[in-house]
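Student: Build out the structure end to end from the sequences listed, making use of the hints.
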Amino acid sequence: MALPPELNDRLTSIITSDSVVLFMKGHRGQPQCGFSAQITQVLDRVLADYTTFDVLSDMEVREGIKEFSDWPTIPQLYIGGEFQGGCDIVKEMYESGELHGALGLDRPTGETPAVTLTDAAATVFQGALQQQPGSEIHVAIDARFQHSFGVGPAEGDETRVPAGPIEVLMDLDTLARAEGLVIDAVDTPQGAALKVDNPNAPPAVQQLPVGELARMREAGAEFLLIDVRPEEERQRAAIEGATPLETIGDFEGVPRDRTIVLHCHHGSRSQAVAEELVGSGFQSVFNLAGGIDAWSVEVDSSVPRY
Amino acid sequence: MALRINRPAAETTDRIRKAIEAALPGAEVEATGMGGHFEIRVVSEAFEGKNTLAKHRLVLGAIAELMKGENAPVHAVDKIEALVPRQD
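Residue numbers (our numbering), protein chains in the order written: chain A, 1 to 306; chain B, 1001 to 1088.
A couple of the hints might just be wrong.
What the hints assert, rightly or not - Lysine-lysine pairs mimicking DSS-like chemistry, simulated, CA-CA at most 25 Å apart: (1) K1079/B - K1018/B; (2) K25/A - K66/A; (3) K1068/B - K66/A; (4) K1050/B - K1079/B; (5) K1079/B - K25/A; (6) K1050/B - K66/A; (7) K1068/B - K1018/B; (8) K1018/B - K1050/B; (9) K1068/B - K1079/B; (10) K66/A - K1079/B.
Everything labelled a hint here was simulated from the structure, so no lab data went into it.
Because the structure is a prediction, the values reported are computed rather than measured.
Tutor: So this is what it looks like as structure tokens:
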């Protein structure tokens, strides 16, 4: 039996909406089934961005895609509009290098990186291994440079990497992102927490307190202050010398190493823009913490609050 | 009182093997498992030049009859290994 044409068109438009589309149960950050979780874990190793479709939110797509792909289970991965397979196949493709190839990526060479473990971190890991004999420490760095640690049995596709007095296990893509990685442990009220310093990680958005911005301006520091708010808000209140985002356009001609400070009303819209700038290669990006509101309260009361 | 006896799994693994050998002549097939769950390893020249999905589809297609219906002898294939014979 054939799918109704409207559903067929709808599925076609979903699979071609991005170069990589995953039909799964739940969302990338919140998978609702073990297989969906495993497949996102593999994709996260390789890709910073991809599109997911939650089949639990749409019964028509949930059943339709099975027939469309002629594949009985969810999750299902499409690359470039072509069906690739489900969880097991994608894991196998990862291990064989086929997945990197299908995505047009070079497969990492698998060289063992130099990893430093401080004594404090070694103590944390050794404690965990003692509690779960026969387990291994897994260290993963995904394509967004999110670091994660796990304790559990070894998996087939991981490599052993010496780290201080122990060895940790890493997947192929983590190996390529871990050269010079330093793992430390710090005391927190909740107990010891691991802290990483990864020289390969792209710079993150830094939070700039309003007092610090005031000092930078007094000192005559070179930087670009950008107001991301729409005109209507800018007319209510503005920080003197700020350039509206519209004026900057697509940032053509702004050197990637220029220091940029972004602000909005309270700091969340500017944070989103700041993250995009970091993602497109700007190296020194600050978000004004608390936005123009904090500026008005703490620095310049002549700027009206709204 | 009806006595319920499960079919011995050996019979199903045999049927899987025969079905794949029929679909992919010359294939070397190993099937293991029980309780409706099976693992299948196939070495065949038919896989030459095919991607992982195409290889899995060949194997699953060969045993489709055994996976059909409510009381299908094969409930799930937990693992498929589809290999091309080693060239010497």
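Student: Hints numbered earlier in the text: which of these fail when held up against the supplied structure?
Tutor: Failing hints: none at all.
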